[in-house]
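Participant: Assemble the complex: chain A is given as a structure, and chains B, C, D, E and F with the ligands must be docked to it using the hints.
Next come the chains, spelled out residue by residue.
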Amino acid sequence: MDQDQALISWPEEGVTRAPFSVYSDPAVHEAEMTRIFRGAIWHYLGLEIEIPETGDYRLMEVGDTPVIVLRNGAGGISALVNRCAHRGTTLLFEPFGNAKELMCVYHNWLFDLDGDLKSVPFDRGINGKGGMPDTFRKADHGLDRLRVETINGLIFGTLSDDVEPLRDYLGPQVVGSFERSAGRKFRVLGYYSQWLSSNWKLYCENASDPYHATILHAWATKLKLNRLTMEGAIEMGREGWDREGWHQLSWSKMATDKGGEVYDRAEFRSGTESFEAFGLHDTSVIEQWDEYGDGITTFIQTVFPNFVFQQIHNTLATRVLVPRGPEGSELIWTILGFADDDEKQTAGRIKQGNLIGPSGFISLEDGMVGSLVQRGLGGGRDKATVMEMGGRSIKTISNSRASECGVRGLWTAYRALMGV
Amino acid sequence: MDQDQALISWPEEGVTRAPFSVYSDPAVHEAEMTRIFRGAIWHYLGLEIEIPETGDYRLMEVGDTPVIVLRNGAGGISALVNRCAHRGTTLLFEPFGNAKELMCVYHNWLFDLDGDLKSVPFDRGINGKGGMPDTFRKADHGLDRLRVETINGLIFGTLSDDVEPLRDYLGPQVVGSFERSAGRKFRVLGYYSQWLSSNWKLYCENASDPYHATILHAWATKLKLNRLTMEGAIEMGREGWDREGWHQLSWSKMATDKGGEVYDRAEFRSGTESFEAFGLHDTSVIEQWDEYGDGITTFIQTVFPNFVFQQIHNTLATRVLVPRGPEGSELIWTILGFADDDEKQTAGRIKQGNLIGPSGFISLEDGMVGSLVQRGLGGGRDKATVMEMGGRSIKTISNSRASECGVRGLWTAYRALMGV
Amino acid sequence: MDQDQALISWPEEGVTRAPFSVYSDPAVHEAEMTRIFRGAIWHYLGLEIEIPETGDYRLMEVGDTPVIVLRNGAGGISALVNRCAHRGTTLLFEPFGNAKELMCVYHNWLFDLDGDLKSVPFDRGINGKGGMPDTFRKADHGLDRLRVETINGLIFGTLSDDVEPLRDYLGPQVVGSFERSAGRKFRVLGYYSQWLSSNWKLYCENASDPYHATILHAWATKLKLNRLTMEGAIEMGREGWDREGWHQLSWSKMATDKGGEVYDRAEFRSGTESFEAFGLHDTSVIEQWDEYGDGITTFIQTVFPNFVFQQIHNTLATRVLVPRGPEGSELIWTILGFADDDEKQTAGRIKQGNLIGPSGFISLEDGMVGSLVQRGLGGGRDKATVMEMGGRSIKTISNSRASECGVRGLWTAYRALMGV
Amino acid sequence: MNATEVVIDNAHVPAAISALMADYAHCIDNDRIEDWPALFTDPCLYKITTRDNYIRGFPACIMLCDSRGMLMDRVVSVRSTNVFEPHRYRHMVSCIQVVEAARDAWRLQSNYLVTRTMLDGTMAVFSTGEYQDRIVLTDGAYRFNERIVICDHGMINNLIALPL
Amino acid sequence: MNATEVVIDNAHVPAAISALMADYAHCIDNDRIEDWPALFTDPCLYKITTRDNYIRGFPACIMLCDSRGMLMDRVVSVRSTNVFEPHRYRHMVSCIQVVEAARDAWRLQSNYLVTRTMLDGTMAVFSTGEYQDRIVLTDGAYRFNERIVICDHGMINNLIALPL
Amino acid sequence: MNATEVVIDNAHVPAAISALMADYAHCIDNDRIEDWPALFTDPCLYKITTRDNYIRGFPACIMLCDSRGMLMDRVVSVRSTNVFEPHRYRHMVSCIQVVEAARDAWRLQSNYLVTRTMLDGTMAVFSTGEYQDRIVLTDGAYRFNERIVICDHGMINNLIALPL
Ligand code: FES
Ligand code: FES
Ligand code: FES
Ligand SMILES: [Fe+3]
Ligand SMILES: [Fe+3]
Ligand SMILES: [Fe+3]
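Residue numbers (the working numbering), protein chains in the order written: chain A, 1 to 420; chain B, 1 to 420; chain C, 1 to 420; chain D, 1 to 164; chain E, 1 to 164; chain F, 1 to 164.
Calculated directly from the structure, the hints in this document are not laboratory data. Here the structure is a predicted model, which is why all the values come from computation and not from measurement. Treat the hints with caution; some may be incorrect.
What the hints assert, rightly or not - No farther apart than 20 angstroms at their CA atoms in a straight line, the calculated lysine to aspartate or glutamate pairs in the EDC-like style are these:
id, chain 1, residue 1, chain 2, residue 2
1, A, K100, A, E30
2, F, K47, C, D282
3, A, K395, A, E13
4, B, K185, B, D340
5, C, K185, C, D294
6, B, K395, B, E231
7, C, K383, A, D116
8, C, K395, C, E239
9, C, K383, A, E179
10, B, K185, B, E343
11, A, K383, B, D161
12, B, K395, C, D134
13, B, K344, D, D66
14, B, K383, C, E61
15, C, K383, C, E13
16, B, K395, C, D123
17, B, K138, A, E13
18, B, K129, A, E239
19, C, K222, C, D282
20, B, K129, A, E235
21, F, K47, F, D35
22, C, K129, B, E235
In isolation and in its complexed conformation, chain A is listed as follows (with noise of 0.2 angstroms):
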């Protein structure tokens, strides 16, 4: 990608608007891989409890880069690329598993659990033909190293030398996030995955924005599950700091709605159409717990860039947005529970499942926007999103979320990495 020319000539309106191209064109997704997923980031790559024993590994991708995760000899956390030294085979293909030393299908070289070359096949040849030369060093062939740090359980790394520390990073918004969310031990309730053919800045776009939330999941509109005029609000660091916006909490009371006037306004969807037949017939579904004992029922925290972790209900799940190309991601859900849960509120979580995922009655939509607004941007790529929703800064309202604050703030943080 050429440095040169302007990879993307943005709007003056700033982040206000995202011109469309940056959803599709393929040099400036090249750029993305480079300057932020192996720029200056912290990138999810999974639980401590996903990789209890010496040896367990679990594979994640780093933008474009695989990643293998794995608890080392000494009982820390190693991540190394997915990618022999050797010819550049991948070591490792199953998602989950054990290891005790990493030998390549190819021609067997092995690496220790830190990613240590240890052995070459016929290194000294037959019978003393062939083989290694004597310059070759082990110590230069091992396998690329990510930078790795945890918090509360949850592991991180990176391809940067230069990012600060993870703490650091987040700032103590997010780290008073993941003490509140993340304090006691998680339990694995199961995965699964969406394919989405839409750019990967799509979905995290809505995540950073509340002000959908109410209107296209008008299933939880209805039912009074989630609506902006409960007590809430976003949090997105402390103003001035030089990540501010870049990471965003969104949480709301259920038991706080003051009431629907605005709702009951004729001007949309979720707030007139009429379901013939609507209502539960069954409401099990939304029985549910104050699960921090805040009252909090809704608490997403996004990690930028592409990092989710929710309470809904009783629902706790991480999401991980993985790009792949320019028009698809993949969304990687992991569900949670409490390793000291009991069995009624085990029952209770996987029961409330039917509110997340691909078929989740309060996320079904998610995925779906974002093919719709891949396919609206035919034709448009010289023209831009609007944001200007709760102002045109990325400063928060205190206990507002009537505003595209959140989105501002993702692509705040974008055009910095970028340099755009």
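Facilitator: Quick look at chains B, C, D, E and F with the ligands alone, frame taken from chain A:
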């Protein structure tokens, strides 16, 4: 696409050659979307009878721009780009329907049938918090519109501000064709489409090329349904007219076949191949009546760049060819009869339907041959087609269809708009 | 592809490195089609026995150029580009067949078996109207031809005017290989092919790499069918010859295994993995006879860029690897026996067929490993492979196959033709 | 219609009808299309249309044969008249449900999926949809009196030469 | 389990059970989803999960209904509450095997393949996997007491609105 | 062969044969490949070839086992010897037609479609074609004496490790 360097270096032989690169080069395709489909052309959008009532709509694509064609409040026709002015979401996604207003599913911005923005949820925020800035003007955020004109119930639209009025663009010959063919009220008998794994221009060349008709479509030739020895002609507009050759009419009269000495020469397949067991077992499929009282049995009118009106015996149809990337396209058929057809006539048109479409005895090859060409281009980017039948100009030859002047006309228009 | 800027910046380590970008960059792929496949190479086109009679043909692809290989009137062999000289239509589209002449389906231009244009329908028009201009010369519109030469019944062709005669291109070593292996008349026993989701060069490297053979293919190693401890060698042509290393022969003799101390070391999978229940239940699959009376049980001869002749036990086959875009390729197998085989021999070859092809006990991994590499390249465009086994030169090591000299030879040829 | 209306009774599909439906697929898939017309009565109704045309009540269709002669003309088209790249179908038919059962006239509905394989080895799902059949017993054999093929898709991948 | 354990006996699948399984598919594929809940008992178990969750013993699933009311709520979601691009499924069900046969309670396992067709005509294999059914006879009709849908794939193409 | 030649009689497929054919698919699709060899007689013929080889009379094939031991060696290859990316099949088998029926030896032909799902969740139609089976009754159980798998496609997507 870089205007400074020649996008295409055209062979010096001019319109008797088309360089193979125009059929597969992504940069050429991008330029076509801008210079042709968003340029100074009129594009077929549908039929008035498809959207009789207020709010009735059908979707169409103008190149890569998604368009909503609808009957607006005033009883007129609006053509709006199918892309929300907020953040780009596709507004309507059913091919046909009725909408009293256009509400985007994402944040429920509401547009009227003229594309004007009527309301924005929470634009005043909640309890005075959030909402749109005072400087936000709904009037600045309507949907993009196309200019619309109709002729004999056919709807055309353009994204260009410069192109002349529709009738001037079409010229007297095409206007006459539509008066002749669409003078009475149509009835839609059905729809289907064909995915073609070939560049859009390959099908358009095919439609402008009567030379192939009696050779490729052996079925028709064997049954003497269409042969160049019949009375017939190609018409491409007044000589010297600045759009001469852009649009082409090819017609013939089955009853006038002067006998097939040419067809009896041993030089081509349809003239020579022995079809063991050929001859119809049931001739009802070719029973026909004089549709327009002028004895014409085949009447193919094209409008640059991608529209065809056809009469083949008593099958009436519009065809529009939607480009989908450099190497794919979709051919959309609308099968027609007249509103005042009696049952017998309708039944006849339906049965004659075996002649056309994806299973048409005399059209089945038209889509297929494009993919054969697309594949043949492999390894030949530096080569070109040869189109010299009937000379090298776009002049027509009176009462002869043994000419590629129509295809040369197509390329004349193409070069003018593309500036190559 | 811009000649002025370096298409590939090759690592200073030379042929001990291959930059990952060559396996996925579309611009590199385009250049390969021109500089290698349409350049100064000889490309395998098939076997004389596949087209014994006049008009017999088989299709082949030389890079991205579709080619017809046929037995012409004079009893010789013509190789013609499968692209009509009129408007580019693929002329023949069945993989094998017989054609007395080549008639294009689109407008029935007729070419003879030498590719000369014989007739053009309506070239004289109809009743003197239309037709081709007087200046049109059929002689100028024949099909593009390839130069053809054969050796021991194997047909090779080239699109280059400059490349030296076939035998000089192959050199004495390869000529000797074919005399040894194809000295008697073959019989075709069947065909199949494998789609590989990997760049074509990854399979070619694999075929030039005996280092992997005894490690990746654990099945063979466990059964001691092919181990580096057997007598064997790599041969790549006379030292100092200007094509040294382009083509490689790897052979070994099963009967000569000097025992497996190396294989008993605990360092690699096939040496260590405990195959619970391993050991054949039915050994008839490895019953073999001395095919050529020289005791050689594995004999793999490659010809640059993409041809392999193989003898594995009594399985004889040609393999040609057709590139299909930067990240895909098709491996086409022709399974052979000798014309004078008795039934028992044929049955033996068929049963030994379980060892090769897409389900081959000792070849099943060869296609798979390429896609593992292709995937491993993600995020590593700036990195390179390391090929130092057996030193850094293309010199062979007498009687040793513990070397990647073959792969270095492949890259030596590649760099010469690509000019990188 | 609802579940109970659909199933007049729970009659088993007779072996001869299963055999007819299988043979229909094998004729087409295994290159003996010449045997296909004889599986229909004369006159008959063989029709290929799209779900959208079916739902919206549009009479136009992709293929329509109302006599065995027309079926035979389709065979001739495939074998010798029309030009197209050779390809193969493979039929999967399941969820066969008896809608109406009588000794000599049965109505059945079923789901089909047809793949198309080109000679270059590329393979794809070509069509899916519903069969609505009327099968009658004539001179000792079951034959299709009607087979309506309703494609789920309004878009056809290039062309339909072989019947679905 | 192994081959012999699987087949308790070689009982034929009763016509009424074949009809139930076919009707299940036709309700969903032919736009009469309203008829779908009545094919289940109340209470019941309808569950969509992935093979990986199933193998690894993870309880989380994609869809879970344990009452006819919950099935009906899914119908309401499809018909009027949730927003998604309209599409159609087509079910293929085969390799139906009787695991346990009793007069009024049957266990069956079968393979399914579902294609999804969008209104723009694009069509693709959307899901494949296994059905594990418990079918019981209640007031004279066979109904699903349990249908466990185990998808071979852990990745879903965007969303699942209609049941599989 | 033509329609009438094909169906020697309209015998129903016995439940035990349907169960055998279903179990064949479930063994492979549900990860109990160890049960697969026991579904064949010993000796037997299990062969995978392409339609083109079949039509042109070429004897070479992709897989050939003529003993239960060879079938078992394929199981060992899948389980422990050969290296490949883990994946799953899902079989659809339909249009099962009785070609020859006798009490203890049946000939059947049917259509199959197999999808392949990789662990990353990608899924595709992997193979379609025809089964030509000879099924015999030995010591009280039906087993495959012959199963010839004829793929419609001459091109294989990378490799075939699991039987089709
Ligand atoms: S590529 Fe990994 S050992 Fe050779
Ligand atoms: S994108 Fe349309 S309302 Fe927001
Ligand atoms: S393209 Fe071949 S004859 Fe016209
Ligand atoms: Fe949402
Ligand atoms: Fe035509
Ligand atoms: Fe190998």
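Participant: Enumerate the violated hints, using their earlier numbering and listing them in ascending order.
Facilitator: Per hint list: 1 and 9 violated.
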